[in-house]
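Chains as they are written, first to last, in the UniProt record's numbering: chain U, 1 to 472; chain H, 1 to 472.
It is worth saying that the hints were derived from the structure and are not from the lab. It should be emphasised that the depicted structure is a prediction, and the values quoted were computed from it without experimental measurement. Certain hints may be false.
[Unchecked claim] Residues from chain H that keep clear of chain U, each with C-beta distances beyond 10 Å, as calculated:
hint, residue
1, Pro51
2, Ala70
3, Gln138
4, Arg238
5, Ala269
6, Val295
7, Ile301
8, Glu349
9, Thr357
10, Glu425
11, Arg472
[Stated by the list, open to error] Heads up, simulated BS3-like pairs for lysine-lysine below, C-alpha to C-alpha not over 30 Å straight-line:
hint, chain 1, residue 1, chain 2, residue 2
12, H, Lys250, U, Lys312
13, H, Lys344, U, Lys383
14, H, Lys344, H, Lys250
The C-beta atom is built at its ideal place from N, Cα and C for all residues, glycine as well.
Number of protein chains: 2
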Amino acid sequence: MSENRIIPVVLCGGSGSRLWPASRESYPKQFLALAGDRTLLQDTVLRVTDPARFGRPIIVANAEHRFIVAEQMAQIGVQATIALEPARKDSAAAIGAAARLAELQGHDATILVLASDHVILDTEAFLEAVGTGAPAAQAGRIVTFGAPPTEPTSRYGYIRPVAALDAAPGVRAVAAFEEKPDRARAEALIDEGCLWNSGNFLCLARTLLSELDRHAPAIAGPARVAADKAAQDLDFLRLDAAAFGLADAKSIDFAVMERTAFAAGTPAAFGWSDVGGWAALWEIAPHDRAGNALVGPTAAIDSVNCYVRSEKPMTAVVGMTDAVVVATQDAVVVTTRDRADGIKTLVAELTRRGEPTALRSVLSHRPWGSYQIIDDGPRFQVKRITVKPKRRLSLQRHIHRAEHWIVVRGAAQVTLDGVDRMLHENESVYVPIGVSHRLSNPGVIPLEIIEVQTGSYLGEDDIIRLEDDYRR
Amino acid sequence: MSENRIIPVVLCGGSGSRLWPASRESYPKQFLALAGDRTLLQDTVLRVTDPARFGRPIIVANAEHRFIVAEQMAQIGVQATIALEPARKDSAAAIGAAARLAELQGHDATILVLASDHVILDTEAFLEAVGTGAPAAQAGRIVTFGAPPTEPTSRYGYIRPVAALDAAPGVRAVAAFEEKPDRARAEALIDEGCLWNSGNFLCLARTLLSELDRHAPAIAGPARVAADKAAQDLDFLRLDAAAFGLADAKSIDFAVMERTAFAAGTPAAFGWSDVGGWAALWEIAPHDRAGNALVGPTAAIDSVNCYVRSEKPMTAVVGMTDAVVVATQDAVVVTTRDRADGIKTLVAELTRRGEPTALRSVLSHRPWGSYQIIDDGPRFQVKRITVKPKRRLSLQRHIHRAEHWIVVRGAAQVTLDGVDRMLHENESVYVPIGVSHRLSNPGVIPLEIIEVQTGSYLGEDDIIRLEDDYRR
Chain U
1 MSENRIIPVV LCGGSGSRLW PASRESYPKQ FLALAGDRTL LQDTVLRVTD
51 PARFGRPIIV ANAEHRFIVA EQMAQIGVQA TIALEPARKD SAAAIGAAAR
101 LAELQGHDAT ILVLASDHVI LDTEAFLEAV GTGAPAAQAG RIVTFGAPPT
151 EPTSRYGYIR PVAALDAAPG VRAVAAFEEK PDRARAEALI DEGCLWNSGN
201 FLCLARTLLS ELDRHAPAIA GPARVAADKA AQDLDFLRLD AAAFGLADAK
251 SIDFAVMERT AFAAGTPAAF GWSDVGGWAA LWEIAPHDRA GNALVGPTAA
301 IDSVNCYVRS EKPMTAVVGM TDAVVVATQD AVVVTTRDRA DGIKTLVAEL
351 TRRGEPTALR SVLSHRPWGS YQIIDDGPRF QVKRITVKPK RRLSLQRHIH
401 RAEHWIVVRG AAQVTLDGVD RMLHENESVY VPIGVSHRLS NPGVIPLEII
451 EVQTGSYLGE DDIIRLEDDY RR
Chain H
1 MSENRIIPVV LCGGSGSRLW PASRESYPKQ FLALAGDRTL LQDTVLRVTD
51 PARFGRPIIV ANAEHRFIVA EQMAQIGVQA TIALEPARKD SAAAIGAAAR
101 LAELQGHDAT ILVLASDHVI LDTEAFLEAV GTGAPAAQAG RIVTFGAPPT
151 EPTSRYGYIR PVAALDAAPG VRAVAAFEEK PDRARAEALI DEGCLWNSGN
201 FLCLARTLLS ELDRHAPAIA GPARVAADKA AQDLDFLRLD AAAFGLADAK
251 SIDFAVMERT AFAAGTPAAF GWSDVGGWAA LWEIAPHDRA GNALVGPTAA
301 IDSVNCYVRS EKPMTAVVGM TDAVVVATQD AVVVTTRDRA DGIKTLVAEL
351 TRRGEPTALR SVLSHRPWGS YQIIDDGPRF QVKRITVKPK RRLSLQRHIH
401 RAEHWIVVRG AAQVTLDGVD RMLHENESVY VPIGVSHRLS NPGVIPLEII
451 EVQTGSYLGE DDIIRLEDDY RR
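Using the sequences plus the hints, can you model the full thing?
Written out as C-alpha cells, the structure reads:
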C-alpha cells in the first residue's frame, strides 16, 4: 500500500467459553450481539471503516467459522479479506500471517491489530488513540493501547509505560509487560502507574514481522510462507495449511511483546472491556434501579445487582443478589458475578461428559442459511430450516432417511431426481430415501421450511453431496 | 357401606404455584412426579389401596383437570370415583360433598381425607397411624395426623393434643388448632408439645357432615345437595353446579377444625412433607456429597446444598450455595432455599403481565393424549401430537388454518370429508382449511404425529367440533 491508510487486522479465533451457554465453540462470543444490536465482530469492524483512514480489513478466522464471518460482514456491508487459519496456532502465527498479507500490499503498511471480541464504548476516543499512536508506529514502534485500570484484577496483563517518546506526543516507551499478576502485585503495579494490556496494538507490518523473526523465528517463517502461498477459495483466502501447520503456537504477548525493545504504549481511555465473562457484561449493561441487568424474557423479584439473560425461556430470579443467570433454548447456567469464571471449568466438565450442549449451539449456520432442531425422538427429527434469498443447499441424497418439507414462509424451488417444481407457503413435498434432491430459495425473502426427517439414522454425516455451491 | 372399610377422600384442587415452573395452574404439583417415579397423586392413592382396609377412593378434582386424573388412575390401574368441583370453593365444600358421597354408600362410612400433593416417606407408619386413629374416628372423633415438628416454621398450622382418649390408645383430644404462628410463637408451641397439622384426617362421614351443619351450615347444605344431585358424565361424577355454587369458600380448618369439640390427634411420625416449595423437595431428595440434589440433565461445579432440577435444558450451577434452580422447556426460576416462597409473588407478577408461562405448561393434556408446541412463527405453528391407543380426537374443522400431518410413530386412521384412510410411519396428509377431519389411533402403541399448522389465526379456539367422544 503506497498510501498512509491503516489496515485493520481483526483476530477472530477465540472460543469464548467463559460466556457459555450463549457462546459455544461452534458459535463463539465475537459472533454474538452481547452488548447492543450488532455482534462484537461487527462493532469491531465498523469502528475502523472510515475510508480516509483505514484500508480493507483483514479478518483472520477459524475455517469452521468462515460462513459466519462472511454473513456478518455482508449484513453490515463491509468488504473484508477473510483469511482462514488452517489450524489453531494461538495469536502470534495469525498476526504474523496477517502482517505479511498487509506487507504484500505495500512496504510501509501499518496494521492495527484488534481482538474481535472486545467492547469499546467510546469510538471517538478510540480513533483518537489510534491517531496518537500512528506516528510512533510509523517510526518503528509497536504501540499498544493501555487501559487505565479500575481494579487490581488478575485477569489482565499489565504494561509499564516509562519514558515519553520525543517524536510521538502521547506515546511512551513500555519497559515491561507483566502477565496476570496476583492481586497484591496488581495493586503495586497500579500504584506504579501501569496500565492494562488491552491486547490491541498498532505497528508497521514489517516491524511486527522483523520482531517475529528476531524473537520467534519458528513462527515468523511459517506465517510468512502461509500468507505468500495463500489461495483464494470463493470469498475466502486460505492460508497455506502445510506452512501454517509448522508454526509454533504462542500468544503475541509471549512471542513478541514481552521481548521486543520497540514496545510503546498510549493510554486507551475509551471504555474498553475484553468482555471476559458475564460479570463484565453486567458492568456495561443498562441496569434497573435495583442494579439488575435484564436481557430478553426475564423477571426479577426482590433481587439486586443480578445479570439475567434469556434467549428464549421466561427466566426469573427471586430473592437473589449478584447472581448471573443465562438461559438459552438448550442450556442454563447459574453463578454469581464473583464466581462466573468457573464457567470455563463447567464447559470443560461438560465436554468431558460428551454433553452436546458443551460446544455446539442449537442453531447451526450454513452458507445458505441456518437450521435448528426443534424436536427429536426415536427414528425422527424435526428441523426449522431458513434459506437466504437466492441461495440453495447442495444437491444431495441420503442413505438412511426420508424427508418431508413444508413451506411455512417464502417460496421454494425443489429439485427431485432432476425434476424442478415450485413450492409455496402451505405446500409440502416428500423426499424418499435415496432420491437426489435440492432445496433453493429463488425469491427475495428468506424461505422457511419445517423438515420432518424419519429413518433409522439421522446424523448430519448421512449426506452424499452431488454438487455444492460452497465447495464443501 | 355396611363393612368397616375406610373410604379415602383425596383432595386434588391445589394449584401449587410455589413449585412453578414445574407446577402450573394447568398442570399443578399433585400431577407431577416430584419425588419419585410416580406422581404425588398416584403415590397418595396407592398408599390406600389395600382392599382389606380401604374402599374405592373418592377423588375430588377441578373439572379442568379431569382427564389428567383419569389418566393417572388408569396408569396405576386404580378404579376411583372422580368427583368434579364445578367451582373453586376451598376445601370445606369439597370435603363436605365427598363425605356425603361416602355416606350415601353407608351410614357408618369412615372417610380418610388426604391431600393429593403431600409426600409420605414411610407408608407403613402411615397405615399404622390410620389404624390407631380408626377406633376414635368410629367413636365420633375427627382424628387428625399431627406431624412432629422439626423446626419452628410459620408455614404450618399447629395442633395442641391434650388428654388421652380412654377408648382409643394413641389418640388424644385436641384442645386447639393454631394457624401459622410467627417464629417465636411456633417455638413456644413446640415447647408445649404441639404438632404440625398435616391437614390429613380420619372421621365418620356423618361426623364431618354434622359438624359442618353445626359450624358452617352455609357449606353443609350446598355440599350435601351438590352430592345428592351429582350426575355421571362418562367416567366422572359431576357435583351439581347450582348447589355447589352456593357454598361458602372456606378451608376445612377454618370451617370445622378450629371450632369442633370432637377434634383429636394421633402423632404422625411417617416422614410427612406438604412439599410446600422447592426447599421441601431439596430436603427429601437424595443429595451428593456436597449436599446438592440434582434432578434431570444438570451439573454442579463448586456448589453446595443446591437444588437443581431440569426437565430439558442442560442446567448448571457454578460456585453457588443454597441455590434453587428449576428449568423447564419454557421457563427457568432461580432462587435460594430461604427465599423460594417468593415464587408465589413471581407467578402473580407474571400473571399480571399476561405472560403465558405463568399458568400454562407447554404440554397440553387431552382425553385422547397430549400435544406440545415445538415451534411457532408468524402464520405457522408446529406441534407434536401423541394419541393414546384406541383413542381419537373430535371430528372437527377449522376456519383459519390448514394442517399437515406426518406420522413419526405408530399408525393413524385419518378421516377427511368422510373418507377414511390409514397413514403409517413416514406418511403424511394435508388437511385443507374448512375440511372436516378426524385423527384416530386404531393401534396398540401410541401414535405420534408432527403437525404443521399454517394460517392467519392459529388459536385453540378455532375448532368447530362436529362430534366428540369426550363430550367437550
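Here is what the structure says about each hint:
no. : hint                  : verdict
1   : Pro51                 : holds, 39 Å
2   : Ala70                 : holds, 25 Å
3   : Gln138                : holds, 46 Å
4   : Arg238                : holds, 35 Å
5   : Ala269                : holds, 32 Å
6   : Val295                : holds, 14 Å
7   : Ile301                : violated, 5 Å
8   : Glu349                : violated, 6 Å
9   : Thr357                : violated, 4 Å
10  : Glu425                : violated, 7 Å
11  : Arg472                : holds, 26 Å
12  : Lys250/H <-> Lys312/U : violated, 40 Å
13  : Lys344/H <-> Lys383/U : violated, 36 Å
14  : Lys344/H <-> Lys250/H : holds, 21 Å
In terms of the numbered hints stated before, the structure departs from hints 7, 8, 9, 10, 12, 13, listed from lowest to highest.
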